[in-house]
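Visitor: Here are the chains, one letter per residue:
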Amino acid sequence: MRGHESVHARHKVSRIWLSLTLALLILAGAQQALCWSLKEAAEPYRGVTIRTIGEALPPLEALDKLKDKFTKETGIEVIIEQYAHEEAVDKVMLDLNSRTGRYDFIIQPHRELGRFVENNHVVPITQFVENPKLKDPNFHPEKELYTNLWKEISWYKGKPYGYPFTAITMFLWYRQDMVNDPKEKEGFKAKYGYELKEPEDWQQYHDMAEWFTRPDKGFFGTAIQGKRHVALWYEWLNFLYSFGGDVFETSKGYEYGPIIVNSPEAVESLDYYKGLIKYSPSDTLNYDWDGVMAAMQQARIFECIMWNDATYAVEDPKQSTVAGKMGFGMVPQGKGGKVGQVEGWSYLIPTGSKQKEAAFLFMQWALQYDQQLFQQLNGGASPRPDVYANPEVQKLAYTKAALQTMEVAKPKATFPESPQVTDILVLALSDALSGQKTSKESLDWAAVEIHKLLGDRAPMKYPVK
Amino acid sequence: MITGWRRILLDKGVGPLFLTPSLILLLALLVGPFVYMVVVSFTDLSFAIPNHTGNFVGFDNYRKLMRDDPLFWDSFWTTIRFVTAALSIEFLIGLSLALLLFHSIERHRIILTLILLPMMLAPVAVGLMWKLLLQGEFGMLTHYLREVGIFGAQTAPLSSYTLVLPTMILIDVWEWTPFVTLVLLAGLLSLPREPYEAAIIDGAGPIRVFFDVTLPLLRPIIALVLLLRGIDAFKEFDKVWILTGGGPGSATELLSIYTWRINFRNWDFGYGAVVALMVYLVVLILCSLFYKAMNLQQGGAK
Amino acid sequence: MNRAWRNFAFGVIIVVIVIALTPYFWMFLTSIKTRAEALAGSPLWFFRPTWEHYPEVFIHKHYLPLVKNSVVVALSTTLLSLVAGAPAAYVFARQQFAGKEDLFFFFLTTRMAPAISVVVPMFLLFGKLGLLDSLYAVILAHSSFNLSLVVWMMRGFFEEIPPEVDEAAQIDGNTRAGTFVRVLLPMAAPGIAATAVLCFILSWNELLYAMILTAFESRTLTVGIPGLVTPHGTLWGQVAAVAMVATLPIVIFTFFVQKHLVRGLTFGAVKG
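Chains as they are written, first to last, in the numbering used here: chain B, 149 to 613; chain V, 1104 to 1405; chain W, 73 to 344.
Only chain B is shown next, with the shape it has when bound in the complex (with noise of 0.2 Å):
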C-alpha cells in the first residue's frame, strides 16, 4: 500500500505543479496581453513616414484626419494620397510594376487582388499577424469583422491579404414620402391592383417605375447608370444575380470557371433592365453613379439601385432636395432570391515596401472600434458589427438594408484578368442598351470574347453558333 499512496501522493504533486504552471502561464499570458501597447510596438518605427493611397471619398477624408491620432501614439508620420477612382488605381499598378516602392501600403479595390497576388505585388499579412511584437492581442478579426466581408475583400486563394477598408454594397433607394401619399396610394391600386409600398420584386418595380413616370411634369419612374462606364456592369449585376443568373459558374472569386453570361436567365435580365431605360431620363445612357444620384436628389426620380456609401449625399439638406423623404431597402428579388453584391477596397501591403510593420500597426489600429466608428459617422463603410450595433450607426436612414443586403452578398470574379471581363460586359451592356444590338447578341458576344480572353480555363456553357 506503500507503493500506492506514494504513486497517489506523486500525482497530487504533478497536479499541484501543473495548476501552479498553467496559472503561471495564464498570468504571464495575460501580462503579455496587458502588455502590449501600440507605442511599445511600434518603437522600431518611430519617426518613419508611410505613404499610402486611395479614393478621394469622405472615408479616406475621414481617415486623413484620425491619422494625427496614430501619429501622436507613435511617433510615426502617415501621408494619405487621395486620387479619382481609376487615377487611385493606375498609380498604384505603375508603382508596383516598375518596383519604385513609393506606397509603403495601398488601399485598393478588392477585385485588384487577384493581379497584385498572381503577379506578386502584395504580402500576405500572416507574418506580421503572427508576429507577437506587432499583432495587437486585444484584436480578433476572424471575430470582429463581418468573416464573409473579410474574405471576400481581402482574401485570395485561402491567405489574407489585409483588411477591408470599406465594404459596400448595392441597394434600393426609392421616395417613401411619395409611397406614403394617399393620393398616390389610391391611384396606384386602382390600376394594378395591390398596394403601393416599398418594391420588393421586380414586378412591382417595373409597374411602380411605370406610375410615376410623368415627363410633362420632369419627373420619371427610374433611372439606369447607363453610360459606358463601370458604373453601368455594378449596377447591372444586381439584376443578373436576382434573375438567377451569374458570370461565371464557380463558388469562389479566384476560380475561373464555365461563362454563363449569355445564360436564358442573364438574357431576360438585361431584357428587363433595357425596358426600364423608358421610364428613366432622356440622359440616363450618359449616367454614371453621379448622373442617377443627382436624378434623386433633384427629385427627378421614384426609384433607383445605388451604393449604400452614397446615402450620405442623397440624405443632405445642403445638396439634396429630398433630404429626409427616402426610404431604403433591399434590392428587388426575383428568381434568384435574396442576393446582394459586395464590392470593397482593402489595406494590402505591396512586396516593395519599405516600411511593412508600421503599415501593418496603421492597418490594425485603424480597423479598431474607435477608427471605425468615427469613419461609419462620416460616410464610411465599416467591416464591424459592433459599429453598426452603435446607436449613433442605427439612426442613420440606411443601415438595416445595407446589413442585410451584405448577408447575401455573391462573390465577384478576382482573378487577374477580371477588370478586362468587367471592360467586356461593359461594351456589351452599351451595346444592348443603346439599341445596336439585342440582349442575346451583346451577351453571345461578350461569352465569346471573355472565352478568347480566357481559354479553356472558361469553356461557355451556352455555346454560341
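Careful, some of the hints might be misleading.
Unchecked claim - 30 Å max Cα-Cα, derived DSSO-like pairs, lysine-lysine: (1) B:Lys217 - W:Lys133; (2) W:Lys105 - B:Lys473; (3) B:Lys585 - V:Lys1167; (4) B:Lys213 - W:Lys140; (5) V:Lys1395 - W:Lys140; (6) B:Lys609 - V:Lys1167; (7) B:Lys213 - W:Lys133; (8) V:Lys1167 - B:Lys613.
Bear in mind the hints are in silico, worked out from the structure with no lab data behind them.
Put chains V and W on the given structure of chain B with help from the hints.
Guide: Chains V and W in isolation, oriented as in the chain B frame:
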C-alpha cells in the same frame, strides 16, 4: 574679339552646336520611348497577366490587329469620320471668319482675344463644361433647344447613339475654330499686295480675286493649319473620355480612347504598342502627303 | 466697304463672340451656385451667389499648391523649349545642308507620337532616374512636344529677318553665334513672346503626361480636375471654380502678346 577654336565653334560650327541640345532632348524623350514601343510590340508584355513579362512573341500582336480586332477598325473609321468632319467645318468657318475679319474690322485685338477663349481652357475642362450645357436634365443648351423645337422633349445628345458623334464634332469645332481663324487671318495679313493690285488693274471682281489670287497664295498656310489640326484631332482624347467614355456603345470610341483602354485598363502593353504604332503610321502618311503639298506650293508661290 | 457689309460683318462677329463666351459665362455662374441650383431643371440666371466653392476646393482640398505646380511646369517647359529650340530654328532658317528639310520634317513628326504609348516608357525611365518625385519628369515630357512647336514657329520668325542684318553684324566682327544672340533674338522678340504663350498654354492644359508623371505633391491643376468627378457626384461648383482659375492667367497673357501671336502663326510659309 574671340579667336582660335572657340571662334570656329561659334562661327562655322554653329550648326551642330545649336542643333545638339534639341536633338539630344528629342532622342532621349521621344526616340528612346518610341524604340521601346517598337520592341515591346513584339512581346507579350502585360502588367496584369502573370508571366507576361515581355517574352518574345514575334508577329502575334500584329496578326491580331490585322485579322482579329474589329473593335480597332471600328474606332479607326470613327476617328477618320471625326477628323474629316471636324476639320472641314473648322476650315470653312475659320476661313469665312478670317476673311470677314480681314476685310472689315480694324480693332482686332480685343475681338481676337475673346474669340480665342475656347482654345484656352484645358480640353478636359471643356468636356465638363459642355456636359453642363448638354446634359439632358439640367443642361442649359439642351433646355433651350427643346423649347425652340430643334430637340424633341426627350432628346439628350450625349445619350443618343446617332447624335453623340456629331455633338463631339461640334464641340471640337467650338474649341478649335478660333485657332484656325487665327492662323488663316495671320496668313491673310502677310500676303503680298502686288498680285491684288495686278488683279484689280485687270478688272477682276471680288470672287475671281478670291479664287485666283487669295486661295492659291494662301495654300501653304491652309495646308499647314490642316496639318496641325489634323494631327491633334487624330489624337483627341481628353474631352471625349470625360464626356462619354467612348459610348454609347462604341459611337465615340476614338483611336486614342481605344489605345488608352488597351494600355491602361488591360495593361496589355505588347498589343497596345502595335495599336499605337498603327495610329502613328497613319498620321505619318497623311502628314507626309500634306507636307509635300505644302513644299511644292511654296516653291510655286515664290 | 459699304455700310450694309460693315453691319453684317459686325453682326456676325457679335454672334461668334457670344458663341465663344456663353459656355464660359455659364461655367462662371455655376461656380457661384449651390449644387441644387446648378442642377435645376430650368436654367437659373438669377440667384443669390455663393462663393463657397472657391475656398472649398483651393483651401480645404489643398488645390492651391496645384496652381503653383502648373505655373512652375508651364514656365519651365517654355523656357527649356525656347532655349533648346530657338537655336535649332536659327540653323534651319539660316544654314544650308543636305537633308535639312527632312530633318525639319522629323521635328514635326515628334508631335505625332501618341502620348498614351510613350508615357509608359517615359514613366519607367524617369522612375529609374528618380525624377518622379519632382516636377522634372513632367517638365521634360512637356518639352518633348513643345520643342517642335518652337522650332517651327521660330524658323518662320528668323526667316522674316533679312539676311543682310546678319551680314552687317558679321562685318562688325560677330561670330554667327554672337549674331544670333545679340542681333536676331532681340529682333525676333515678338515672335518669341508669341511662341512662349502657345507653349505655356499647351503645357498648362495638358492632362495625360501630367497625370502619370507627377507625384501626389507635384500634381498640376489640370490633373486635379478629373478628381472632382467622384462616384458620389461631380462637384460641379468646384469644377467650375477650378476652370475659372485655370483660364484666367492664360487670358491675361494672351491679351498682351496677342498682336505678336497673329504674326507668329504665319510660320514663315508665306513671305510678305
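Visitor: Take the hints in turn and mark each one as holding or not.
Guide: Structure-based check of all given hints:
Distance check on the hinted pair: B:Lys217 and W:Lys133 sit about 21 Å apart at the alpha-carbon level, within 30 Å; holds. Proposed proximity of W:Lys105 and B:Lys473 is supported: the alpha carbons are some 24 Å apart, at most 30 Å. For the proposed pair B:Lys585 and V:Lys1167, the alpha carbon gap of about 24 Å is at most 30 Å, so the pair holds. Restraint check for B:Lys213 and W:Lys140: satisfied, since their Cα atoms lie roughly 25 Å apart, inside the 30 Å limit.
Taking the CA atoms of V:Lys1395 and W:Lys140, the gap is near 43 Å; set against the 30 Å cutoff, the hint is violated. Annotation: proposed proximity of B:Lys609 to V:Lys1167 holds, straight-line Cα distance about 26 Å (limit 30 Å). Using a Cα cut-off of 30 Å, the hinted pair B:Lys213 and W:Lys133 holds, with the two alpha carbons roughly 13 Å apart. For the hint pairing V:Lys1167 with B:Lys613, the CA-to-CA distance comes to about 22 Å; that is within 30 Å, so the pair holds.
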